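Asker: What follows is each chain in one-letter form.
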Amino acid sequence: MNSISTSITETQKPPVSGSLIAVIMVIIVEMMFFGGLVSAYILAEAGQIEWPPAGQPRLPFWLTFGNMIILLLSAYTMWLYIHRLKKEIVAPIYLKLSVFLGSLFFLIQGYEWARILLFGIQTQASLFTSFFYTIIGLHGFHVLVGLIILLYIWRKMSTQKVENQYNYAVSAGTFWFFVVALWPILYSLIYLN
Amino acid sequence: MNTHQKHGFWHRYFFSLDHKDIGFQYMLTIFFMVAIGGFFAYVFRMHLAFPDMEVPLFGLVTNTDYNMLITNHGLIMMMWLALGMLLAVAGNYLIPILIGTDDMAFPKLNKLSYWFFLISVILMVTSFFLPKGGVRGGWTMYPPLSVGDFGYNTPYATFSDRFFSSNSFVLLAIVFEFTALLMGGVNFFVTTLNKRAKGMTLMKMPLVVWMINIASVLFMFSVGPLVAGTFMLLLDINVGTGFYDPYRGGDPLLWEHLFWFFGHPEVYVILLPPLGILAEVISVNSRKPLFGYKFILTMTLIAAVLSMMVWAHHQFVSGIDPRAATVFSIFTIIISFPFAGIILAYIATMWYGKLRFNLPMKWAVGSVVLFTLLGGFTGLHLGASVFDIYAHDTSFVVAHFHYTLFPTVIFGSFAGIYYWFNKFSGRELNKTLGNLHFWLTFIFFNGFAFPLFLLGLAGQQRRVANYSQIEFLMQDPLPLYRQIATISAVILILTQFIFLFNFIWSLLKGKKVSTDNPWEANTLEWQTSSPPPHGNFKTYPIVYHGPYEYNIPDRDTDFTPQNEK
Chain U
1 MNSISTSITE TQKPPVSGSL IAVIMVIIVE MMFFGGLVSA YILAEAGQIE
51 WPPAGQPRLP FWLTFGNMII LLLSAYTMWL YIHRLKKEIV APIYLKLSVF
101 LGSLFFLIQG YEWARILLFG IQTQASLFTS FFYTIIGLHG FHVLVGLIIL
151 LYIWRKMSTQ KVENQYNYAV SAGTFWFFVV ALWPILYSLI YLN
Chain L
1 MNTHQKHGFW HRYFFSLDHK DIGFQYMLTI FFMVAIGGFF AYVFRMHLAF
51 PDMEVPLFGL VTNTDYNMLI TNHGLIMMMW LALGMLLAVA GNYLIPILIG
101 TDDMAFPKLN KLSYWFFLIS VILMVTSFFL PKGGVRGGWT MYPPLSVGDF
151 GYNTPYATFS DRFFSSNSFV LLAIVFEFTA LLMGGVNFFV TTLNKRAKGM
201 TLMKMPLVVW MINIASVLFM FSVGPLVAGT FMLLLDINVG TGFYDPYRGG
251 DPLLWEHLFW FFGHPEVYVI LLPPLGILAE VISVNSRKPL FGYKFILTMT
301 LIAAVLSMMV WAHHQFVSGI DPRAATVFSI FTIIISFPFA GIILAYIATM
351 WYGKLRFNLP MKWAVGSVVL FTLLGGFTGL HLGASVFDIY AHDTSFVVAH
401 FHYTLFPTVI FGSFAGIYYW FNKFSGRELN KTLGNLHFWL TFIFFNGFAF
451 PLFLLGLAGQ QRRVANYSQI EFLMQDPLPL YRQIATISAV ILILTQFIFL
501 FNFIWSLLKG KKVSTDNPWE ANTLEWQTSS PPPHGNFKTY PIVYHGPYEY
551 NIPDRDTDFT PQNEK
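For the protein sequence lines, the chains are U and L, in the order given.
Counted from 1, the first sequence has number 31 at position 31 by our numbering; the numbering is strictly sequential.
Counted from 1, the second sequence has number 498 at position 498 by our numbering; the numbering is strictly sequential.
Derived by calculation from the structure, the hints in this document are not laboratory data.
As the structure is a prediction and not an experimental result, all values here were calculated from the model.
Hints should not be assumed to be uniformly reliable.
Residues from chain L shown here face chain U by an in silico Cβ test under 8 Å; the list is partial [stated by the list, open to error]:
hint, residue
1, VAL223
2, MET232
3, GLY353
We put the beta carbon where it would ideally sit given N, CA and C, even for glycine.
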């Protein structure tokens, strides 16, 4: 006898959903990716006498600080959304709020970027601006990806059972939390000089 | 569970969701890349041994050609053959079937990963045909060499000049390939955690599944900084930033750190899956339980952690702080302990076993012998910075490198292919041709790599295009050694055509297998039909035994299939 007849329903239900594990693995890669960038930035900063270099406009400290609060709020509403779903209460308003606040952050950051570009600070201007555009741009790209994921689950929600909604929201939310948690670190490194 | 369906050519080789088909797609693509890398090796070895002579099938090798050939040989063999063969092919084919499930956790992601891999291959091959030819900066891509033909501070080069250069294309190819392998790695890990057959606890998994997963996780922990570095290098080439330009405050050493932070764990990413394959092959063919399953696993985890702390031993001559060199020397020498432990466990498995020297076992033992005696042992020498500073830029390093990677990547892959060929094709490989392939490869690999040790100790620098211009390297017997190495390398490459012929011929016309379990093995893949149907098993197996329970007393057979009560 080689194997025993089983039906497909008898396979075990995993304790942690596959998509959440996948998201956690992606976050590990991303952490190492940004770790590489940030350590390069810190090393470059350590090698300079004046940082950011003389003769270049300072970055908008308070505007970005306010923007950071907006991003943190969007993580809080996402957390509320997941928390409600866990108790089987569907409250899509929190998801919508997260998407709105996230988009607001993205737009303000983009506006600020355009303004800095108009000042004539380009990528080639100095090592500092190279790092600024690379790191902030990559974070912006991640915010965009996070927003697309949130929009995707927003669309998916109406057709799903509450339990599935919860799994989706946890996986997407974990990635969003990561994107949000990254920002204060990058902010304190690049803007607080 | 899905029923077996016959699919057309396009469906099977481009759109299949079956993990076995995707593994096979990867394998064919990699064979194609290896053909290119092998041809390049042939050309520049001929050029080194017989300088200033026309190489058949290529013509006269200029210094520029030489740089291009050796750079792309290294890139193709490291990035596409080694990583692809041992993570993508082994992981895709083996993991679902060895843990007793029907497919990967995310089959569509798996297909996407192959497509990304295909894009990377296309980008890589396209790079040879771009206006200025293939990349020529060495496979480690150190800037400023890798910033390309325009270099820093050349404002006249337009964006399209810079973008349509081989450097941009190869860096993009690397990013695409790593994305593909990351998707694969996520899939392997989730599949292993969530889709194991009933009763298949983590400690009952075959070691190769463990090894591929540890390798995938190690890959994920190490690849981020290299992708970041690659991104910065791409910006340096295309946008005009100066991350690696010392003139503007950048630092070329930064690339070396980011590269080797990935580059050193990478060799363990490459090494672990073959070690897993060896565990399967050696245990089956010794008819004994694997010696120290948990011991091997612990040693592997220790080695995986340590491998993140040894990267700067590649940079002892690159101007790092000598105090840092001492630290990295110590870690490098410490990391040999876990691997010595694993190899000793394999030898202990063979000890007093009923050895069967069939083809997979020959490759496995050949791998252990060469990897231990010459690869690992010379690694201890090179790990000590005092010796490395003398030997680093000589052929000694080339020989060490080939003695570590060839026995693991090539011998390990062949052990796997010869072992699982029956399963995945339902046919048998020709044994005579297989034996010929093994012995010729074994002899001529040594004939190729061993003289490089002697040449290196005699002071022959690597990365020199034409030795005829350096007087002391043309004294007897050094040219003779180079010629021995070259002729052996050429025979080694020709030998692989025996395998290719055997592989294709057996795949199409070989003898059909008479039994589903020719090696009398325990693991689950042998308990289904050969080749397995789409969905692998007729019914989900239930696992009662560990993978290595051979020669258990009071049984009729000397093996105990995992799913037998």
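Asker: Compare the structure with each hint and give your call.
Answerer: Comparing the hints with the structure gives:
Hint status for VAL223 (chain L) relative to chain U: holds, with the closest Cβ pair at about 7 Å, below 8 Å. At a threshold of 8 Å, the smallest CB-CB gap from MET232 (chain L) to chain U is about 7 Å, leaving the interface hint in force. Hint on GLY353 (chain L) is violated. Least Cβ distance to chain U is approximately 26 Å, over the 8 Å limit.
Figure legend: structure checked against the earlier numbered hints; the only hint not met is number 3.
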